[in-house]
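Given these sequences and hints, build the entire structure.
What follows is each chain in one-letter form.
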Amino acid sequence: MIEEMDRDDRVFLMGEEVGHYQGAYKVSEGMLEKFGPKRVIDTPIAEAGFAGVGIGAAIVGLRPIIEFMTWNFSAVAFDQILNNAAKMRQMSGGQLECPIVFRGPNASARQVGSQHSHAMEHIYAHVPGLKVVAPAFPADAKGLLKAAVRDDNPVLVMESETLYGFKGDVPEGEHVVALGKAQIVRAGKDITIAAYARTTHVALEAAATLERAGVSAEVVDLRSLRPLDDNTLVASVERTHRLVVVHEGWPYGGVGAEIADRVQRLAFDALDGPILRVTTLDVPMPYSAKLELACMPQPDRVVATVLRALGREQS
Amino acid sequence: MSAEKRAPLTRAPAHPSVQAPARATQAPSPLGANPELEHLSKLYRQMLLIRRVEEESARGYAEGKIGGFLHLYIGQEAVGVGAIASLRPDDYVITTYRDHGIALAKGMSPRALLAELFGKVTGCSRGLGGSMHMFDKEHHMLGGYGIVGGHIPIAAGVAFASKYRGDGRVTLCFFGEGAVSIGGFHEGMGLAALWKLPIVFICENNEYAMGTPISRSMSVEDVSLKALGYGMDRDRFFADDVLEVERRIGEAVQRAREQGTPTLVEVRTYRFRGHSMSDPAKYRTQAELEEHKNRDPLARARRRLVESGLGEPGDPRLDDLEKSVEAEVADAVKFAHESPEPGLDVLEQSTYSGPFAY
Ligand SMILES: Cc1ncc(C[n+]2csc(CCOP(=O)(O)OP(=O)(O)O)c2C)c(N)n1
Chain A
147 MIEEMDRDDR VFLMGEEVGH YQGAYKVSEG MLEKFGPKRV IDTPIAEAGF AGVGIGAAIV
207 GLRPIIEFMT WNFSAVAFDQ ILNNAAKMRQ MSGGQLECPI VFRGPNASAR QVGSQHSHAM
267 EHIYAHVPGL KVVAPAFPAD AKGLLKAAVR DDNPVLVMES ETLYGFKGDV PEGEHVVALG
327 KAQIVRAGKD ITIAAYARTT HVALEAAATL ERAGVSAEVV DLRSLRPLDD NTLVASVERT
387 HRLVVVHEGW PYGGVGAEIA DRVQRLAFDA LDGPILRVTT LDVPMPYSAK LELACMPQPD
447 RVVATVLRAL GREQS
Chain B
11 MSAEKRAPLT RAPAHPSVQA PARATQAPSP LGANPELEHL SKLYRQMLLI RRVEEESARG
71 YAEGKIGGFL HLYIGQEAVG VGAIASLRPD DYVITTYRDH GIALAKGMSP RALLAELFGK
131 VTGCSRGLGG SMHMFDKEHH MLGGYGIVGG HIPIAAGVAF ASKYRGDGRV TLCFFGEGAV
191 SIGGFHEGMG LAALWKLPIV FICENNEYAM GTPISRSMSV EDVSLKALGY GMDRDRFFAD
251 DVLEVERRIG EAVQRAREQG TPTLVEVRTY RFRGHSMSDP AKYRTQAELE EHKNRDPLAR
311 ARRRLVESGL GEPGDPRLDD LEKSVEAEVA DAVKFAHESP EPGLDVLEQS TYSGPFAY
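Protein chains in written order, with the working numbering: chain A, 147 to 461; chain B, 11 to 368.
Calculated from the structure, these hints are not laboratory results.
Please note that the accuracy of each hint is not assured.
[Said to hold, decoys possible] Derived Cβ-Cβ restraints for the label pairs, each shown as a range:
#1 B:Ser-318 <-> A:Lys-172: 47 to 57 Å
#2 A:Gly-176 <-> B:Pro-326: 51 to 61 Å
#3 B:Glu-73 <-> A:Pro-284: 24 to 34 Å
#4 A:Glu-459 <-> B:Glu-358: 16 to 26 Å
#5 A:Ala-450 <-> B:Gly-200: 44 to 54 Å
#6 A:Phe-312 <-> B:Phe-366: 30 to 40 Å
#7 A:His-166 <-> B:Val-230: 15 to 25 Å
#8 A:His-166 <-> B:Glu-358: 40 to 50 Å
#9 A:Gln-329 <-> B:Glu-351: 33 to 43 Å
#10 A:Phe-312 <-> B:Gly-176: 50 to 60 Å
Ideal Cβ positions, reconstructed from N, Cα and C, are used throughout, including at glycine.
Right, here's the structure in full:
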């Protein structure tokens, strides 16, 4: 964010506790000091209001980054994102652009209960006019954010609170990751596991376990959910002939269902079995630590599902 | 408001299973001869119970027995206790995620509360809700809610139902001053005023919304002024004295009950801990905190009791009361600790009424 704000003075950051408090999760640490209160703007608790302010500023030429303390609270601003950000270009017949970034932590965050554990990407990826990305690695978090800021459409960046502590190499300076490009983070030949954000790490852990069981799993980190890189997915499935999709959020509809539809249409002949999904269980997230773990996609559930997809059910 | 209208403060706990031994739940009645002092001692006992339960919650969090977010009510006890003391037992209460003190004041047992925090099936919400979602239907405690402002229209809906049914009940809706900026507050207030609903909106203004002081979140510092635009009655005062809170909220409750009109009350208070357990509260000075601690309504109520003769040497009454709180809290911690966790089977049952829809 700092590099993009240095590069372009139309970019500003707005949200709850982003300034004086240095970010609820310390993401914007030091930014108020560097850029001052004109460009790092603390808001009251008024998501619908400041999302709308961001959209208004964007359609007349600024490039706001709007932070939701968590994506759960974007539900209060859903109308602004759905009815205004996503529709601006079309309803103005292409006259107005809405170059805005909405970002913040998304999905589960350990025992914060049903109202604070939503995987909102499924809901937003449903909406034409929006782009949705969900990085799993620090380098992609930087590269995708840069691409998002420079994109002329509304882009929603779904970060993971549980990955804020995850460390990894981040290229210095100009590192832009194009929106809409998946990456293969582990090569394999028996099955493809598609995942994103936190679940990429779940998939990698499962793949390591599977290797010990003699199964070679390829892990595709989607990075971008809309646009969705079905070329990379289809190419992988054409090599492995099987697919399991792993994500947080409920099974009904959603990104996994979308992938299942596309891959069976685009790679029907390559598939040797049904596409299976590993998702959060189809219930609101419980508080109890034990039940929360049982609801969320875990490596062991991925391993079991992969074995089932391969017809090697564990007995 | 007259003493007769005050609601009895000791209420039955939620489920038989969470009922503590009789010895522990019965408040001693040391001052039978002096009703006013007896009343204050009951309110003091409730405030002390809340303070001690919250301290145990903080300990449970530090020990890793409680997860997620934990927002403590320490420092604000006089608001919930005083306000709820002005209610009838069948009146409704609804609040935010800072809900432990309100739930206890409304009659939830410390057992049900601590078991919930510990994620146990004996908790008020069977371990599914956690700190932010304290529900106790039997005591008309309609929950703690996690999305700022989201419960304010719901509170108006509860009051709507009372008016619809003509049941004579009043709803108290608590929220922080941070909620005053969000749409739900304005829409809930507007509808309650338009339809003349029997509700009291209580803004617990503790000066900070997380790290944001009121000076940076509101263009006008007086929250109660928001009532004017809706043609609603308003009030505004400090919560230093629990009896004063009871009296002032009582006036609004009486108005709601007798005339069916809403009131917005801003109660100035202060939280002694951070916003939640993960907040070191670096945005305020130690001196500011100390100044507020010197006005601690709990200590003030205790002083009043002592000055009225309860603390005389050789007089065991105050001591007995405080020991009974300790015993009740210790019992609740033990109960929470020993209770079983919920099984996976509760998930489906608690998602839909009737068969699971898939
Ligand atoms: C809609 C929404 N936005 C943001 C949050 C995150 N959040 C939780 S509590 C809080 C501060 C609320 O402060 P206040 O209303 O004053 O109540 P207090 O915590 O002081 O009791 C914020 C920003 C939320 N829960 N809901």
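Ascending list of hint numbers which this structure does not respect: none
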